[in-house]
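Protein chains: 2
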Amino acid sequence: RKKIQIYQYIVLKWALALLIGLGTGLVGFFNNISVENIAGFKLLLTTDLMSRHKYYKAFAALAGCNIVLAASAAILCAYIAPAAAGSGIPEVKAYLNGVDAHSILAPSTLFVKIFGSILGVSAGFVVGKEGPMVHTGACIASLLGQGGSRKYHLTWKWLKYFKNDRDRRDLITCGAAAGVAAAFRAPVGGVLFALEEAASWWRSALLWRTFFTTAVVAMVLRAFIQYCWTGNCGLFGQGGLIMYDVSSAKETYSGFDLLAVILLGIIGGIFGSLYNYLVDKVIRTYSIINEKGAPFKILLVVTISLLTSCCSYGLPWLAKCTPCPTNLEVSCPTVGGSGNYKSFQCPSGYYNDLASLFLNTNDDAIRNLFSTSTEKEFHISSLFIFLASVYCLGIITYGIAIPSGLFIPVILAGACYGRLVGRLFESFSKLDTGLFALLGAASFLGGTMRMTVSLCVILLELTNDLLLLPLVMLVLLISKTVADNFNKGVYDQIVKLKGLPYMEAHAEPYMRHLVASDVVSGPLVTFSGIEKVGNILHALRTTAHNGFPVIDEPPFSDAPELCGLVLRSHLLVLLKGKNFSRDRVLSGVEILQRFSAFDFAKAGLGKGVKLEDLDIQEEEMEMYIDLHPITNSSPYTVVETMSLAKAAILFRQIGLRHMCVVPKSQGRPPIVGILTRHDFMPEHVLGLYPHMNPHK
Amino acid sequence: RKKIQIYQYIVLKWALALLIGLGTGLVGFFNNISVENIAGFKLLLTTDLMSRHKYYKAFAALAGCNIVLAASAAILCAYIAPAAAGSGIPEVKAYLNGVDAHSILAPSTLFVKIFGSILGVSAGFVVGKEGPMVHTGACIASLLGQGGSRKYHLTWKWLKYFKNDRDRRDLITCGAAAGVAAAFRAPVGGVLFALEEAASWWRSALLWRTFFTTAVVAMVLRAFIQYCWTGNCGLFGQGGLIMYDVSSAKETYSGFDLLAVILLGIIGGIFGSLYNYLVDKVIRTYSIINEKGAPFKILLVVTISLLTSCCSYGLPWLAKCTPCPTNLEVSCPTVGGSGNYKSFQCPSGYYNDLASLFLNTNDDAIRNLFSTSTEKEFHISSLFIFLASVYCLGIITYGIAIPSGLFIPVILAGACYGRLVGRLFESFSKLDTGLFALLGAASFLGGTMRMTVSLCVILLELTNDLLLLPLVMLVLLISKTVADNFNKGVYDQIVKLKGLPYMEAHAEPYMRHLVASDVVSGPLVTFSGIEKVGNILHALRTTAHNGFPVIDEPPFSDAPELCGLVLRSHLLVLLKGKNFSRDRVLSGVEILQRFSAFDFAKAGLGKGVKLEDLDIQEEEMEMYIDLHPITNSSPYTVVETMSLAKAAILFRQIGLRHMCVVPKSQGRPPIVGILTRHDFMPEHVLGLYPHMNPHK
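Residue numbers (this note's numbering), protein chains in the order written: chain V, 4 to 699; chain G, 4 to 699.
Just so you know, the hints here were simulated from the structure itself, not pulled from any lab data. Where is the CB? At the ideal position from N, CA and C, for every residue including glycine. Where hints are given, some of them may not hold.
Just so you have them, the derived chain V footprint on chain G, three or more residues with Cβ under 8 Å [unchecked claim]:
#, region
1, 312 to 322
2, 465 to 478
3, 559 to 570
4, 647 to 654
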């Protein structure tokens, strides 16, 4: 490359990171402000009707708003972009592992993800916005990297440098980090999330770029939040860059507290893994319903929405009215929007503690649960009811056709669980119940997500409480360890459930007993260095392979030898150029001068040359074409007797799509087969060798 | 492996992580308490003499203490373990990249590192303890992993599982993380440091283990600090888990402040890279002196110590006495130990601001510089004098024969620089000067160390100020970007200066124009599958190779083919077993039954079987031995025409020590050569092809 091109490339790389940060930050803020206003309006309406004792009308208003919002989200999701349903983190994770699934990062998915998430969260579902924000960030990154959309004639010449897997993956990693940063206002947590959970390959240069992106997100958010403090954002809350500040609490704890925290971690881990187990079962059930068509999807969403409304309006009636505490700085019962003390059906001077949790946005409910120096605010019975219902609602909500994050449901249930434990132990314990709630959230998160450092930093950035760090680390370690004994992390489960061919970083134990040639499957299709056009077309039509080995034969070499690997996409571009010759001769590199190097660059999904685009005449079928110019002459190879475990590590670490298996002894055809990602999947290997012990 | 062995392995892995955490935490605390007491005693003595106007005696006491402490450190370093000099981070980094340098992690190095660091820091040098703590953590990990020291008969049978490169590297990564965690009381920062700067290979399982280790460190430190608050630790200060808490300051900043911060970042980056440049020059100069022998090393240390003493005692005389502020909670001038207001030569009611910086431990000086709501405490002139002297002292101190960390000097100079900038801008700026000091420290750190996320989190954990995060990120990004235009990070520079063959994660651009066989060098020594003992001995004696290809020849195969790779260490063990036979026959696997699998495990440095240990008789030289049982039959191979850049990536990503280059065409010997780490070094490649443009 020339110097000017390298310069363009570097400038563009950073400019795109900046744009991803700006875009994701803006979307994050827009999401926040929309949710606060829509949900705030809904809650104000309900509270207002209740204060005039119109209880049935109040329920109708609440349930009606919820159903309309939920149905709109479901319609968007079912008809425009089915790929936008769910969290989106598993899909992004699979993409960054090298799985190019269709429409995961399409513009329509982005659109539905943004608006569907706003509608879904406003509809009062027990869902969060972080998963969708991660997906949104990834979509924005993908769209920017592709130069907008060729369909809508938005493309830019400089972007040609980004038409390859690696740069695209880098951008999407930045997008995922920016998504977490925007959802939790946690820039460092975002970087670590991308590193620990999302990305499969990592370079320190990338660390720096994601760091820059999330710094931009943080600055965008801070600017807008500062603007909103002047009161121009409607019902936008008081939250700053720290969403749930608990730093006012005193961190004193004794040996007994440590024991309590260990117990909390163990039980949290069990509940976390149970959550994963149940979510898995529910998704499997729902997918049967969802497959029946869009109307069924919408019906399911409406049903769950109605159930959620019933819970959040019905269950608070079970709670008794509590007299307001006397030494308060805030008003009790709360007037207007969010707040700790909802009056619900209670007379003045009293509040309903369950309503303070149920009739609030999820964010405000978490804030209430994390609130410190308010030990007696919630009754043990209320916390128990809320925990049970939120835990169940969270499980049955994931899998319906709306964009739905998993973090907030888990934090909500975990915080309630922690506060409950804190209440139970309060006579022995010095630790604030608000901090117990934080530790409870950590234990559930550790038990479901199975991340460590990134969760720790996200919680730190959410709550601004550095002195509690040792306890948070302890809880995360315990709950993850406990939960790992039962099943895998929730995102890994979903990846597997969706059947995405995800390559694990380590090789499975049974692979040590096999060699590379054991799993080579399917008929091998090879081309000669100079091949007949008809043969190529036939191979392209009859197989779905994306890579073909090219073999040089006499007279072009002394003996048949492996020349390299040619990609389907490059073959299609070459055939489209129609540089055929009548004889078997080397055409040399001048053939490439008719193409620009960027013709061979990886196009966006579904945008490359297709087989149907080719228009080859009958007489051209018998002509020859020289494949050498487009052959990758140094493909990664392994000898057939190479241990399969070692081959898998090579494949995964280098990030390959094709690996050539070559024979060990001489005098045989120069290639034994080609290994792709699918050949390493446990299903494939254990299918070939059913008597193998998968754990040995 | 059997189930019980896997169980032993897992238990041991976590037990070792626990022990590393405990050990490093203990050493960190011991270091802290020793330094505070020794330096505190010295400073109290000086202050006491000064208060009685015995100025010359006071200087003599200060300089005398310093020289005695410095000389002891130098003697330890020069005579017992020269490898303990300097930071230790470059060495640990190189080790984790796969460079087994001698004595880097030996028990003697550990001993000198611990006590040398205490003496050096107490002696008032402008050095820190974090680099040495990282090295200490790594040494503790290495020692534990080797099962203590065989020399001192401390070894444990279970530890046999850890006698391989990967497990050893994992342990040392944990140790490095624990070191940072102990030095800065920053558990998450420690994990990120290990990830971003120290480790070359990373798996998410390792993330979790390091996280556990640093959590243990944090809990150990917290327990001891809590104990010290009862007043049983002598002169131990008041610091808690947060070393320099600035969270009391208000984070308000305007657009102007943003501009000031950007300017601060740019200038900080320039000064940071200048620091690296000068440190490099100084080390080169010193190494000439140091090579002359131990007495010269000690002389150099004493000279620098005297110079430091002169600065810290002499320069405060330049400052005028400042009247004490009136609305203070602390006493002014300070009575006794550390504190913001040193009286020095001033009458009562006055303090000397330069003495508050110079006549303090480095930790306390940094705390004073970071202190918030004390805008006018330090004069601009005093800050300028301190900045200039600390910057220069920091540069001329690194490279002398004492354990010396680079973080503290850089933070000290950076904080002073930031506070100076804050004072200069104070009439326009809303930002507290203490926060300016923090940003200044970030800019210098970014400019010298070139880390991003880990520095950010370390600073966060040092200062407990989450709301300043966006500004810290901005400053780090700017200063790193600016500095990267001039030279490399300081640790990379030192690695290069020491001539350690460090493999970069990316391939150099010129490697794309070469193929693997271009850099194969030296005569290739191969063995037959069944080889004559004499030939093996001859090869072991005449070459320094650590790996030899084994080739099967007729009659054991149809044509010569590559059987695999055999390691020097395994050959030595096999030869020591003396299972020779008179004829060329396959001995089969039963030969291995005479050995335990752990005989072939990688021994500690310098502990394996040596060539001199072998006692082969003349008649045995003509006998044969079957190498098949110890041959690694699936070595990673590349074809000779593989691009060198791709081969380098393969070599680095998989973490190889040997890579076999095989011929492309048939009918030639089955191996072309072996590539090792040295063959990829720019010096070697550019030495072979001097006309190559290294940047293209």
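*Which numbered hints does this structure break?*
Violated hint (a single one): 1; every other hint is consistent with the structure.
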